[in-house]
Amino acid sequence: MNDMRLAERTVDTQGKPIKFSCRDVQVYYGDKHAIKDVNVDLEDKTVTAFIGPSGCGKSTFLRCLNRMNDTIDIARIEGKMILDGEDIYDRRVDPVQLRARVGMVFEKPNPFPKSIYDNVAYGPRIHGLSRNKAELDGIVEKALRGAALWNEVKDRLNETGTGLSGGQQQRLCIARAVATSPEVLLMDEPCSALDPIATSQVEELIDQLREEFSVVIVTHSMQQAARVSQKTAFFHLGNLVEYGTTDDIFTNPQDPRTESYISGKIG
Amino acid sequence: MTDAVSAGPRRVGAQGATRKSLLVADARTRRRNAAETRFKAYGIVAIAIAMLALVFLLFTIVRDGSGAFRQTFIDVPVTIDAAIVDPKGNRDQKDMAGVLTMSYGSMLEKSLETWVAQNNVQIEGLGKADYASFYSSQARATLRDMVLENPEIIGTTINVPALASSRVDGMFKGRVTAESAEIDARTSLAQFRLAEAMEEKGALTTRFNWDFVTQPDASDNRAEAAGLGVAIIGSAYMMLIVLVLALPIGVAASIYLEEFAPKNRLTDIIEVNISNLAAVPSIVFGILGLAAFINFMGLPRSAPIVGGLVLTLMTLPTIIISTRAALKAVPPSIRDAALGVGASKMQTVFHHVLPLAMPGVLTGTIIGLAQALGETAPLLLIGMVAFVTAYPSAPPEGLFEPASALPVQVYNWTQRADSAFFERASGAIIVLLAFLFAMNLVAIILRRRFERRW
Ligand SMILES: Nc1ncnc2c1ncn2[C@@H]1O[C@H](COP(=O)(O)OP(=O)(O)O)[C@@H](O)[C@H]1O
Ligand SMILES: [Mg+2]
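Quick note, the sequences are listed as chains A and B, same order.
Every position in the first sequence, counted from 1, becomes a number in the numbering used here once 1 is added.
Every position in the second sequence, counted from 1, becomes a number in the numbering used here once 827 is added.
Please keep in mind that the hints were generated in silico from the structure rather than gathered at the bench.
Hints are not guaranteed to be accurate.
As the list claims (entries may be wrong) - Derived pair list, reagent style EDC-like, types lysine to aspartate or glutamate, alpha-carbon separation capped at 20 Å:
#1 B:937 - B:891
#2 B:1090 - A:71
#3 A:37 - A:25
#4 B:1172 - A:71
#5 B:1090 - A:196
#6 A:17 - A:212
#7 A:81 - A:184
#8 B:937 - B:1026
#9 A:81 - A:91
#10 A:109 - A:196
#11 A:143 - A:160
#12 B:1090 - B:1163
#13 A:155 - A:142
#14 B:1172 - A:205
#15 A:134 - A:95
#16 A:115 - B:1278
#17 A:134 - A:119
#18 B:1172 - A:204
#19 A:17 - A:87
#20 A:109 - A:95
#21 B:915 - B:979
#22 A:17 - A:213
#23 B:1172 - A:74
#24 A:109 - B:1026
#25 B:1155 - B:1095
#26 A:37 - A:256
#27 A:109 - A:204
#28 B:1090 - A:32
#29 A:37 - A:119
#30 B:1155 - A:74
#31 A:17 - A:208
#32 A:33 - A:74
#33 A:115 - B:1163
Model, not experiment: these values are computed from the prediction.
Model the full structure from these sequences, guided by the hints.
This is how it looks when you write it as structure tokens:
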């Protein structure tokens, strides 16, 4: 299976359009300089993995991509982040609209304490994506199928989402994010709270999601990055040290820091 | 990690030297267990003391106050003498209204005299004064109202229960004994004997008395007629005002402070001051109410609107503090989840955070309301102690008319001389406790309904 993906990957990375283009991004938490001079182009229909030792700023950078850092009072962001030609930090941009286009899945599964149906339907409802119940039902089903959860929950859509197992909850959260038809899906260590079986289910799902979305995943597991991503960015102490195809990063790292991280010497 | 590694071998070595049986507790373990047992005992003692105090309190209140819900009535036929109630004989309402209640009193006395004669009751020293003071002065007024309302009963003999005086009533509740009656200026031994005889023959009964909760207060020498009606309405109006004002303002303020306000010096100062406000003695709020609402804004004294506003100010900090605690307890991951799918901050709060915080909000609100219901001091300062016998009308006008309040009524009654008022004060406390109990029940039910499984 891995071999097949390796083969795919070389084909995939050719000539994908750029989805996100980030220039000179700086992030400060108060006086702390958490992201330093990051320049990166994230490709469409690609899984990009952010790896690096804990505290190096992976989550911080990811959360900049849908302006979730706006909710942190002391966070300050500089630089440009261009999504399809528009700077998301432009004064005219409403982060609420942005977040419908750039969905997010969090480390700990966090379904709403509502029914499975309402969990998925919430986004489409507040964004007015459906005109009637039938259409909404369709969106919910499509999202749950997209998150490979439909068969497990189709008979109990009215049961509460928090009653599912951890892996199912995380896939429910993915379905919830997918339901607003975003263009980019951000995932912050989506498998760190899951057992190995649930992890492999979610990983398989991520691979499928790539056909429709541009996926950015933060992971502390290098094996996971190698398994699911086509591009990898290595962060270290707030710097983007190296960015390239996952193959290159893992087999032929250019920077000594990348090499020592890959080989388990730092982190 | 390093701890376990370094501690491991040492302990193994120590134990290896003096391995002891697991069946015998060593000195250290015994000391630890003894400490635990002592601690549990303290806890049980503390709870026992609290429960005892509660039981004692409830017992004394029920013992002293249950009498207020029963009242003694005289069931003796009364002849409505046309010559007295309608001296001009024209059945004209205006002329009949001119007849004083005093005259009705003489009819009642006469009916009692007739009863004594008919039943052949012989009591030494029974005189005119004993008949007169046998009845409550409320009884004549009630009879007069009845005649004015139904003039057709004039000239007939009717069976209408008449309120007995508080002394006679007290004879059936243990308040008045033969000994005390003898030396009491407002009753006599003859009256005591008469009451005994009447009770034996079924002409005097003590029965449940709704009037206690429906009728207004009565003056000092009519304890038997005093009721809680106006006080209950006054308290209800004030609770209404507190609920309508304090809940939305308190919840809105908490949401703003907790979810929207930037965390800076100013919000810190506001936060500290809200906590301080919760600790301000209630009498200070009364002075504030007097100065701000009555002297400055010119609102009427003794009116539920002023009481309600003062209690709102007092309740706000309680509601804000508990609401903020409830909002804080909602896990941030829920906010992230909602914001992550593109909900606005307001949608996040109202769709997800507030519903989850609702049990806490309701608990805080009801605790605040319960506190406000029992609050006395600030109401004294804004003139709620006034003697009010007229019911305030329905809101909104009624909010501006004089009324009393339950705790103030309790205070008021305990200040009066007649020991019958003490019984009524205890009865009023029972009513107050019943309301508080009901409110807590509502809080529990609402909390159950809003609670969601996590
Ligand atoms: N809300 C915050 N307030 C202050 N500092 C923060 C906050 N979040 C993260 N940081 C700091 O920013 C740095 C990067 O954190 P983060 O992006 O979470 O790292 P990673 O996800 O790579 O482990 C860390 O040093 C962390 O302490
Ligand atoms: Mg992180």
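What are the numbers of the hints that this structure violates, sorted from low to high? 1, 5, 14, 15, 18, 20, 24, 29
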